[in-house]
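Protein chains: 2
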Amino acid sequence: MSEKMKGSFTLPGEAGYEKLTLDMAKKWGADVIRDSDGTKLSPEIIDAGYDIYSTICIIRGHNEWVKEHPSCVQHSFLQSMPKIADGDFLSIHLLDGYFTEQFEVDQTKESTDLWQVFDRTANEEVPRRLWNYERESGNVVIKTVRPFHEYTVNFLAYRKWEEINMYNHVTNSWTSEHLIPVDPRREEAQEYLLSWMDAWCKDHPDTDVVRFTSMFYNFVWIWGSDEKNRNLFTDWASYDFTVSPLALNLFKQKYGYELTSDDFVNKGYNHVTHMPPTKKQLDYMDFTNEFVVSFGKKLVEIVHAYGKKAYVFYDDSWVGVEPYGDRFTEFGFDGLIKCVFSGFEARLCAGAKAETHELRLHPYLFPTGLGGAPTFSEGGHPAADAAVYWNRVRRALLRQPVDRIGLGGYLHLVEGEDEFNDYIEKVADEFRLIKTFHTEGATYTLPYKVAVLHSWGKLRSWTLSGHFHETYMHDLIHINEALAGLPVDVRFINFEDVKNGALNDVDIVINAGREGDAWSGGDAWKDEDLVSTLFKWTSEGGIFIGVNEPSAVSGYENFLRMAPVLGVDVDRGGRICHGRWKFDVKEIPGLFPAGSCVREKEKVMLTDGRARVLASENGLPKIAIHDFGKGKGIYLSSFNLNNANTRMLLNLMIYAKGDSLTETKYLTDNADCECAYYPASGKLVIMNESDIEQETSVLTDEGKIKVKLSPFETYIK
Amino acid sequence: MSEKMKGSFTLPGEAGYEKLTLDMAKKWGADVIRDSDGTKLSPEIIDAGYDIYSTICIIRGHNEWVKEHPSCVQHSFLQSMPKIADGDFLSIHLLDGYFTEQFEVDQTKESTDLWQVFDRTANEEVPRRLWNYERESGNVVIKTVRPFHEYTVNFLAYRKWEEINMYNHVTNSWTSEHLIPVDPRREEAQEYLLSWMDAWCKDHPDTDVVRFTSMFYNFVWIWGSDEKNRNLFTDWASYDFTVSPLALNLFKQKYGYELTSDDFVNKGYNHVTHMPPTKKQLDYMDFTNEFVVSFGKKLVEIVHAYGKKAYVFYDDSWVGVEPYGDRFTEFGFDGLIKCVFSGFEARLCAGAKAETHELRLHPYLFPTGLGGAPTFSEGGHPAADAAVYWNRVRRALLRQPVDRIGLGGYLHLVEGEDEFNDYIEKVADEFRLIKTFHTEGATYTLPYKVAVLHSWGKLRSWTLSGHFHETYMHDLIHINEALAGLPVDVRFINFEDVKNGALNDVDIVINAGREGDAWSGGDAWKDEDLVSTLFKWTSEGGIFIGVNEPSAVSGYENFLRMAPVLGVDVDRGGRICHGRWKFDVKEIPGLFPAGSCVREKEKVMLTDGRARVLASENGLPKIAIHDFGKGKGIYLSSFNLNNANTRMLLNLMIYAKGDSLTETKYLTDNADCECAYYPASGKLVIMNESDIEQETSVLTDEGKIKVKLSPFETYIK
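Protein chains in written order, with this note's numbering: chain G, 755 to 1471; chain H, 755 to 1471.
So here's chain G without its partners, still in its complex pose:
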């Protein structure tokens, strides 16, 4: 790093802190200055010769207009809190339990026509003639009930407070006017927003890049009235907030069938992204995605017409913007920006089809970080936080590059934070250097093509929905995060892909989830062609790795449909009187790094006694490997992210593929370290991924290289 490189860094500027802004821009090698939600840039900053990013959230900030066009307020279906009939009739107050600053009943006829009342005890809809809505009281009255059955009402509500604004208001005690989200479904809203966009571009001649946050529809976030349960439902990827009478009408015209309120409410469960999607849900998502892209594209075209670039921030109002959706490139975005806590998010960004990929690093320049922990305030350690985040992201960027990094928030908070500022300088330099290696040629990977198999496939590549800390209870996010930095080729496929030949080009399949969830696959496993395709593929040499309850579905000879491949099944009760195979644990030398471990799982059992059990606890197999024709099945009862387990996962692949655990080149011999090799430039990067000093060796074409690394150090040769 003799010659200092510059650029590829986006700095959040702040009016009132002009000197700081320009000093930090120089220190961190910034080429772009941006505003943030809550900060502005002053002329002195704007005119300092940097490119300027400006943030807009297109659907909020139009209260005046939207109050004149109430039908253009965004909606959601809600289910009233369940109530049991203990008399002849039942009166249900719709908004009981909901945060009434967020929701208001849409009482228009086009709304009430969509409502449904259900007897949830009998799982039956109550005929319309048996209930009516009392406008004055806000009650639905069911005139004829079945005694001691439970009833609910699906109704349509306006969402009168844009959720990110609501969150910031409530969390930071803001007092400004509540912003109302505009639904661009209606033509009048589209006309208004297009002209607003045009005016905005005119008014911002200095803006080089318009950063959209993101498009129109927020991830679902339904609040309750009770502070003990404020968060009734949050799903990072579901489509509940896109609905409206008009959308349903257009859907019916296009798809030839009607969606009902319960296609959204789903008995009160809503449609959690962690569960397999229904056909109707996929149709509706496709329908909505088409709209978001087609109208979003018009906004992008305006931006382009003014000679500006349009980037999209993959957060908040991003529903319908899936970067791995087939239509994503049609938006015409020039860049994709992703805020990252984790390596899998860096890979998500890096792998999307966009000209520019940019990461927003953590920590944000906010006084407190996630979960209320201090960052840039008393008790915070921003430099240490940054090192932890960079440690996760770095390994992903060594495998697949992005184009830019940057920060967000209030720049004034870094004043005096010399340790943090120096660390970010180091990160920026390291980032720019690594980027040059990729420019010369791809990273070396082992010749293993790994497919992660789940219900969503490519559409939800890398992420499950939301960040790691929001999805940690799923084994798969731990696996995705491990894979994000492993020297293997990774792709995400769904069950239809398997039937359409996706395995022809795959060496290893991973299926990791619990019965019925989107990651295991649920009813998809009822498809015998899926199962036999995987049997065939494995028998011909494929490696099937199943975690927790892979391929689980009830009603068949095995609970895990891949049990014949795995040599392991999970007893759902029907085999409780069946004997269990006795087994000895036979470890594979060198396979398990010190510290690797998986949690036991109740009721795991061997099927035919031929599986080699590699780890066990309380008599339960935890890790087993089973020959199946020329291939193998590998079962893990769970997977939890840490350095040792990450290497264990790689070692399982190496062993199953018949390669050497000790003689394979370009691997460290210490699970706390990883390396990446760039054949074109001959560069080798070795990372210490722990907060203590480490020693490791790497076998290369030029012999063994041994290094000692300080905590989190990046060694480059």
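Worth flagging that the hints you see were computed from the coordinates, not collected in a lab. Check the hints yourself; a few may be wrong.
Since the list gives no way to pick out one identical chain from another, each pair is judged satisfied if it fits inside one copy or across any two copies.
[Claimed, not checked] Cut-off 27 Å, straight-line C-alpha distance, at most; resulting in silico cross-link-like pairs (DSS-like, lysine-lysine):
| # | residue 1 | residue 2 |
| --- | --- | --- |
| 1 | Lys1336 | Lys1462 |
| 2 | Lys1411 | Lys1212 |
| 3 | Lys1384 | Lys1290 |
| 4 | Lys1253 | Lys837 |
| 5 | Lys837 | Lys1357 |
| 6 | Lys1034 | Lys1280 |
| 7 | Lys1280 | Lys1021 |
| 8 | Lys1357 | Lys982 |
| 9 | Lys914 | Lys1107 |
All values reported here derive from a predicted model rather than from experimental measurement.
Could you slot chain H onto chain G? The hints should help.
For chain H alone, kept in the frame of chain G given last:
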């Protein structure tokens, strides 16, 4: 205990140990001497003036006859080990994996006509024309297969070795001829057995009581060829060993529809008693029970004709003999004998309709006990074992009496075991004394009528199937064992009973199991009338106690159908994005005895936030109580038997019923002690149920009684 009582005790005598036999008979106050499997009585014993029990197992010991009548050998359907097709055809060797000393393929046409071949991957039967059986090789060849589908064959096998004989042979290295079980379904077998019975009675003029072990069909016990998995399937109560071509033919004639092999094999699961029965299964059980009773009755009549009594031992070949079945009294048995490890087994015996109820106490007089632990051999502590078993049985007998107790096994083993012999003397005396209290009038109970609700109801009162140590993984056996000695009225009901008004006379319902099992109830909970009946009953004052996954079934607004009553649900994945209610744990003073605890259960959540959480771990509610109308729902995430938890269960009932935890009479104030009060005789019994000294007080009509008790002591006032 001033005057020594005698009688009500059955002693196992042993030829060659005549003095010992008569000495012990005197010491223990025996009035009956019996033989055991493996011992004989000599004339000196027989003529000593005691009543004589003789043990017979009617279906074995007829090898000569049965070899001449091979169609009268008992059968079972078996499923071949699954095999995957990787070519054009598939050849399956039927007996692979099975213990060929137990099974032999029945190759007769009436047998092969019943066989079925399944594509288990597609869940479809393979048409008959596509496979054939090659007699010489013992293979089924499937001529046309779907590649990479898994196939199995259901076939009918003779069971050529009676399983109890097989077990004793293998365990004790016996070398005598393998006994073949006779199936009394065929008329020639019936004729033979009736004349054999008659001859037997003639030959045994000194026998007062014929003890049947038990009737015709053993509990299911399928052995494998591999010593690492010898025990392929064991179920204490399923009917697989009763099947035969003739039985299926008669069934069809009577019920108007055919049963197939897979109605037994059930995809390889068989029909575990821990899972809810199907309609076909219940029909077949009823059909078989009718036969067992009708033919069993003829044998009993012969016994009676010789002036002898007929007792039935409720073990081994007991299938079709259910003491709580509607036909049980039709047998005409004079007594029911039950071997008991636990209190629930004592209650099972005590509550059955029979003239004489007799318990066979543990430990048996064998060198080694269960699981191979030493009893009457080096390292054994038979007196200590006896104390532990008596401690469990005693509390049950204080609630409901039996008529007799006794021992089994080889009497010579007690020679020199003075501590054991003295302890049994004490137990026998204690038993006889307690029996007198019951004679004067019933035990006092709290006015709580408790119904345990599960799929089998009354038919499986008290037991799940098998002993405690065989069913310990089910919460319900822990609950049944706790209930066996609690001062409440207990009954067992099924879901049909609920709909037929069984709750009219019930204060407390307990439903304890896991999703889909017989104890939770599985699909029975899809019945909206069942659910609303329970809603109504609870709202009118009922107490519904749900444990683990009570009332669980998928497809409804709640996973636990009783969630509205319990205030608690279990998330099956569909609510993972739904917020969880914050709660404070609010204990109820005096409710939890020291040492009481339940295991946490993942994904337990509050529904409406109104449940009072009494215990929690890792943020999960473990015990909660929830008002529902005038009644209450109580949720426990598990229940594990110990003294503290037993009292906790009682305390939950007392609290829920609105009674005082401290002022309720005839309860100890120490969970390691229990008491029983007999109003008619004014007797109060206080037990120490721990192996250390205890102090406790009991509030009585005459004030508080305080006692200090030595380990396991029985105090009587």
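For each hint, the structure was consulted:
In the homo-oligomer, the alpha carbons of lysine 1336 and lysine 1462 never lie at most 27 Å apart, since the shortest distance is 45 Å inside one protomer and 48 Å across protomers. In the homo-oligomer, the alpha carbons of lysine 1411 and lysine 1212 lie at most 27 Å apart inside one protomer (25 Å), although the nearest pairing across protomers, at 56 Å, exceeds that limit. Proximity of lysine 1384 to lysine 1290 under the C-alpha cut-off of 27 Å is restricted to the intra-copy arrangement: shortest distance 10 Å within a copy versus 60 Å between copies. For a Cα distance limit of 27 Å, the shortest separation of lysine 1253 from lysine 837 across copies, 22 Å, qualifies, whereas the shortest one inside one copy, 45 Å, does not.
Proximity of lysine 837 and lysine 1357 under a CA criterion of 27 Å is satisfied inter-copy only: 23 Å between copies versus 37 Å inside one chain copy. For the identical chains of this complex, lysine 1034 and lysine 1280 are neighbours both inside a copy (19 Å) and across copies (25 Å), given an alpha-carbon limit of 27 Å. Within a single copy, lysine 1280 and lysine 1021 get their C-alpha atoms as close as 24 Å, and across copies as close as 15 Å, so both meet the 27 Å cut-off. For a Cα distance limit of 27 Å, the shortest separation of lysine 1357 from lysine 982 across copies, 18 Å, qualifies, whereas the shortest one inside one copy, 35 Å, does not.
For the homomeric pair lysine 914 and lysine 1107, neither the shortest alpha-carbon distance inside one copy (35 Å) nor that between copies (69 Å) is at most 27 Å.
Hints 1 and 9 from the earlier list are contradicted by this structure; the remaining hints agree with it.
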